[in-house]
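If you read the protein sequences in the order shown, they are chains A and B.
Per this note's numbering, the very first residue in the first sequence carries number 1; after that it's consecutive.
Per this note's numbering, the very first residue in the second sequence carries number 1; after that it's consecutive.
Warning: the hint list may mix true and false statements.
What the hints assert, rightly or not - Okay, the calculated bits of chain A under chain B, using three or more residues with CB under 8 angstroms as the criterion:
#1 44-50
#2 98-110
Claimed, not checked - Straight-line alpha carbon distances no greater than 27 angstroms define the calculated DSSO-like cross-link-like pairs of lysine-lysine that follow:
#3 A/K41 to B/K57
#4 A/K56 to A/K68
#5 A/K3 to B/K57
#6 A/K3 to B/K17
#7 B/K17 to B/K69
#8 A/K3 to A/K41
#9 B/K71 to B/K18
#10 A/K41 to B/K71
#11 A/K3 to B/K18
#12 A/K41 to A/K68
#13 B/K69 to B/K57
#14 A/K41 to A/K17
#15 A/K41 to A/K56
#16 B/K69 to A/K68
#17 A/K3 to A/K56
#18 A/K41 to A/K99
#19 B/K57 to B/K18
#20 B/K69 to B/K18
#21 B/K17 to B/K57
#22 A/K56 to A/K99
#23 B/K65 to B/K18
#24 B/K65 to B/K17
#25 B/K71 to B/K57
#26 A/K99 to B/K69
#27 B/K65 to A/K3
#28 B/K65 to A/K41
#29 A/K17 to A/K56
#30 A/K99 to A/K3
#31 B/K18 to A/K41
#32 A/K17 to A/K99
Stated by the list, open to error - From the structure, some residues in chain B lie toward chain A, with a derived Cβ separation under 7 angstroms:
#33 A2
#34 P39
#35 L43
#36 S94
#37 F103
#38 P105
Everything labelled a hint here was simulated from the structure, so no lab data went into it.
Glycine is no exception: its CB is placed at the ideal position from the N, C-alpha and C atoms.
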Amino acid sequence: ELKVEQNPLFLSMQEGKNYTIYCNYSTTSDRLYWYRQDPGKSLESLFVLLSNGAVKQEGRLMASLDTKARLSTLHITAAVHDLSATYFCAVIRNQGAQKLVFGQGTRLTINP
Amino acid sequence: EAQVTQNPRYLITVTGKKLTVTCSQNMNHEYMSWYRQDPGLGLRQIYYSMNVEVTDKGDVPEGYKVSRKEKRNFPLILESPSPNQTSLYFCASSLITGPEQYFGPGTRLTVT
């Protein structure tokens with residue numbers, strides 16, 4: 001059974017600091033997604049990582065994938081308040097069926 | 001505009017009163033799916049469909065039904081809602097080959 005675990009689940013940090021959210025998954029998969037969710041809103045796609053060693057960056061966010069370690073990281077550089085949100089990683093369980101399994105989410109609060 | 005729509009967005013109902021939440025996409029996607037989101041649990045898949053008349057159970061299908069009579073629509077049916085189905089529901093769609101999944105705006109359901 002595919003399980004996806006994120007840590008930390010809650011993160012409070014100051015503006016200007018760097019931090020990393022970790023996403024571990026239990027069985028082989030070569031496609032990993034990162035989503036952002038603001039309170040009361042839907043999921044916004046941030047990154048889709050399709051292969052081992054993939055690295056993608058958008059603004060202050062950078063995501064990477066290590067399929068051998070079954071680990072993805074979402075790194076936040078010089079955090080700003082606007083990045084406060086809940087971040088989810090998700091892994092495809094069955095590629096033919098596009099079945100996503102989500103982590104629990106990391107609630108990120110960035111304080112001025 | 002490419003989008004996934006859900007209706008209603010908010011619904012308060014009573015135990016046992018049948019309800020349907022509609023989902024529609026305008027991107028000609030083969031794959032559609034329903035998720036529920038509960039605090040601390042992330043999103044869990046309820047049902048999915050890989051094409052017209054092809055549906056299958058996800059991780060938490062009990063108490064739900066779906067149908068896929070047209071490619072664009074994938075309604076979620078609660079025949080006899082119970083309070084433990086109080087949740088935030090998301091519909092999603094994608095091409096069968098992925099990789100991007102598009103989420104609807106969400107439906108907040110309260111069953112009293």
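Taking the hints in turn, this is what the structure says about them:
{"no.": "1", "hint": "44-50", "result": "holds (count 3)"}
{"no.": "2", "hint": "98-110", "result": "holds (count 8)"}
{"no.": "3", "hint": "A/K41 to B/K57", "result": "26 angstroms, holds"}
{"no.": "4", "hint": "A/K56 to A/K68", "result": "18 angstroms, holds"}
{"no.": "5", "hint": "A/K3 to B/K57", "result": "17 angstroms, holds"}
{"no.": "6", "hint": "A/K3 to B/K17", "result": "34 angstroms, violated"}
{"no.": "7", "hint": "B/K17 to B/K69", "result": "23 angstroms, holds"}
{"no.": "8", "hint": "A/K3 to A/K41", "result": "25 angstroms, holds"}
{"no.": "9", "hint": "B/K71 to B/K18", "result": "24 angstroms, holds"}
{"no.": "10", "hint": "A/K41 to B/K71", "result": "25 angstroms, holds"}
{"no.": "11", "hint": "A/K3 to B/K18", "result": "33 angstroms, violated"}
{"no.": "12", "hint": "A/K41 to A/K68", "result": "33 angstroms, violated"}
{"no.": "13", "hint": "B/K69 to B/K57", "result": "17 angstroms, holds"}
{"no.": "14", "hint": "A/K41 to A/K17", "result": "26 angstroms, holds"}
{"no.": "15", "hint": "A/K41 to A/K56", "result": "24 angstroms, holds"}
{"no.": "16", "hint": "B/K69 to A/K68", "result": "41 angstroms, violated"}
{"no.": "17", "hint": "A/K3 to A/K56", "result": "23 angstroms, holds"}
{"no.": "18", "hint": "A/K41 to A/K99", "result": "22 angstroms, holds"}
{"no.": "19", "hint": "B/K57 to B/K18", "result": "20 angstroms, holds"}
{"no.": "20", "hint": "B/K69 to B/K18", "result": "20 angstroms, holds"}
{"no.": "21", "hint": "B/K17 to B/K57", "result": "23 angstroms, holds"}
{"no.": "22", "hint": "A/K56 to A/K99", "result": "22 angstroms, holds"}
{"no.": "23", "hint": "B/K65 to B/K18", "result": "11 angstroms, holds"}
{"no.": "24", "hint": "B/K65 to B/K17", "result": "14 angstroms, holds"}
{"no.": "25", "hint": "B/K71 to B/K57", "result": "18 angstroms, holds"}
{"no.": "26", "hint": "A/K99 to B/K69", "result": "21 angstroms, holds"}
{"no.": "27", "hint": "B/K65 to A/K3", "result": "25 angstroms, holds"}
{"no.": "28", "hint": "B/K65 to A/K41", "result": "25 angstroms, holds"}
{"no.": "29", "hint": "A/K17 to A/K56", "result": "20 angstroms, holds"}
{"no.": "30", "hint": "A/K99 to A/K3", "result": "13 angstroms, holds"}
{"no.": "31", "hint": "B/K18 to A/K41", "result": "26 angstroms, holds"}
{"no.": "32", "hint": "A/K17 to A/K99", "result": "35 angstroms, violated"}
{"no.": "33", "hint": "A2", "result": "13 angstroms, violated"}
{"no.": "34", "hint": "P39", "result": "9 angstroms, violated"}
{"no.": "35", "hint": "L43", "result": "4 angstroms, holds"}
{"no.": "36", "hint": "S94", "result": "5 angstroms, holds"}
{"no.": "37", "hint": "F103", "result": "5 angstroms, holds"}
{"no.": "38", "hint": "P105", "result": "5 angstroms, holds"}
The structure is inconsistent with the numbered hints 6, 11, 12, 16, 32, 33 and 34, although it conforms to all the rest.
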